[in-house]
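Got chain R; can you put chain G on it based on the hints?
Chains as they are written, first to last, in our numbering: chain R, 2 to 250; chain G, 6 to 315.
In case anyone wonders, no lab produced these hints; they're calculated from the structure.
Please note that a few of the clues may not be correct.
As the list claims (entries may be wrong) - A few chain G residues that face chain R, going by a derived Cβ cut-off under 8 Å, partial list only:
#1 Asn102
#2 Ser114
#3 Tyr133
#4 Ala137
#5 Ser143
#6 Thr182
#7 Ile188
#8 Asp258
#9 Lys279
#10 Val280
#11 Trp299
#12 Lys314
What the hints assert, rightly or not - Here are the simulated lysine-lysine pairs, DSSO-like style, with alpha carbons at most 30 Å apart:
#13 R:Lys220 with G:Lys90
#14 R:Lys248 with G:Lys279
#15 R:Lys242 with G:Lys279
#16 G:Lys176 with R:Lys110
Cβ coordinates follow ideal geometry from the N, Cα and C atoms, glycine included.
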Amino acid sequence: MKALVAVKRVVDANVKVRVKPDNSGVDLTNVKMSINPFCEIAVEEAVRLKEKGTVSEIVVVSVGPKEAQEQIRSAMALGADRGILVETTDEIGALEVAKILKGVVEAEKPELILLGKQAIDDDSNQVGQMLGALLGAGQGTFASEVKVDGGKVQVTREVDGGLQTVELALPAIITTDLRLNEPRYAALPNIMKARKKPLDTKSPADYGVTAGTKLKTVKVEAPAERKAGVQVKSVDELVEKLKNEAKVI
Amino acid sequence: MSILVIADHNNQVLNGATLNVVAAAQKIGGDITVLVAGSGAQAVADAAAKVAGVSKVLLADNAAYANQLAENVAALVADLAKGYKYVLAASTTTGKNILPRVAALLDVSMITDIISVESANTFKRPIYAGNAIATVQSDEAIIVGTVRGTAFDPVAAEGGSAAVEAVSEAKDAGISTFVNEEIVKLDRPELTAARIVVSGGRGVGSGENYHKVLDPLADKLGAAQGASRAAVDAGFVPNDFQVGQTGKIVAPDLYVAVGISGAIQHLAGMKDSKVIVAINKDEEAPINSVADYWLVGDLNTVVPELVSKL
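Here chain R stands alone, though its shape is the one from the complex (with noise of 0.2 Å):
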């Protein structure tokens, strides 16, 4: 069966993010981008799952600038077999991401579609549910176990209070967890690899989208700064000091 795997351009999870001084959003110049976290265990889940033979072949897809060719070159090197670029320059909400995602499905079909449950520079945790809404798909979001049987697919999904594990008739959606799986490197040959593997470009137009977002951001501010604390150096201090200056013990 096919696999569609969505990964997204982000600043890698490693940056401190500072926020512009006119307040207009994040400070993104010669910051370090990377394949968003959660996206990379999608890739890897269909590299696991193509290595089992369950999946004949993994097609990556990507909405946002040219530069996140790199993001789908990555997603290559570690094993997809091709890549679909949705160019735009302009901002994206979930919701747009989703009807692109479902565009790219109708073309695509594939039977499996994996994204990671959130991106980490908005932490929207949308398009997965929205793009299930939208196909009329079943969803396993939030999964930490995946396992295909037949024309279905059993996913555990990590919810408040322990584990569920529902099943899907397919095609159907999941939503990575950090704990689905650990992510390989990707070895040089297979990069020198992945640069000859087929990407196309594509515009959110070729999908019948407009880019953009219906909820306009009015401002980004850095978050309250909480007041330096102290150091005690005894147990006995800390223990004053959380009953008669904080109060709450």
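Using the frame of chain R, we list chain G on its own:
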């Protein structure tokens, strides 16, 4: 203005997070209806009817909603939503699973993790793991959003007297089925609702040591227990203990971080706590920069000493 709040529950008990959502709904202002979609969930509907500020409760009691499958519940909510201006749910795994699906069915954008209501259509939400706060304005016909519970003081669970109305409609999309669930049983308060949280990180060394060192402290303080992702990934405790961007977001009165270095990911889940205490052997640990009090020392001697002096 009418607001539909989706109740978070397990068919028996109304999750406290719903009280925080009702509080956010009151900040928006308007008539508040709570939807309880479940199976055998009459007790939940009765509890919701007593919540202060709720004017009506809708009970959709059907086997299709027993396990809160998004495919079925979202279809129901999207149908009912057409009569409302707002659809809100808690930012729990259930809320986050269902609401984006509802928004897409309604063809509207959605706002995740609302932490403040600025006006009828303007809200604040954290982005970049809480390292920036975005103010967003929605001009959608129906505003759909999840509410971060720790950002709103809950309304009273008692004092209301709303009428319960049955919803007869049942939606079974037939594309998903529940198989089973494993719920971790806890004797301690629920993590996101606790007044005090005691958390352990990689520094505690092992699962055995986590319980040996932290259980007595949590018992003494009547605290819930949490953990960093490092401690969860190392298998010290189950993953629903995880506090952080990808785990649970907590904001207790007192957060005690033991053997936790304080990665950005973890800080995003706890830095809104009123008082933060860090116990760590590393003087340079990033956690110290957000802690109100920090103590440098070996947690294996410091924590037992702390327990004995409380």
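Comparing the hints with the structure gives:
| no. | hint | verdict |
| --- | --- | --- |
| 1 | Asn102 | holds, 5 Å |
| 2 | Ser114 | holds, 5 Å |
| 3 | Tyr133 | holds, 5 Å |
| 4 | Ala137 | holds, 5 Å |
| 5 | Ser143 | holds, 5 Å |
| 6 | Thr182 | holds, 5 Å |
| 7 | Ile188 | holds, 4 Å |
| 8 | Asp258 | holds, 5 Å |
| 9 | Lys279 | holds, 7 Å |
| 10 | Val280 | holds, 5 Å |
| 11 | Trp299 | holds, 5 Å |
| 12 | Lys314 | holds, 5 Å |
| 13 | R:Lys220 with G:Lys90 | holds, 24 Å |
| 14 | R:Lys248 with G:Lys279 | holds, 11 Å |
| 15 | R:Lys242 with G:Lys279 | holds, 14 Å |
| 16 | G:Lys176 with R:Lys110 | holds, 26 Å |
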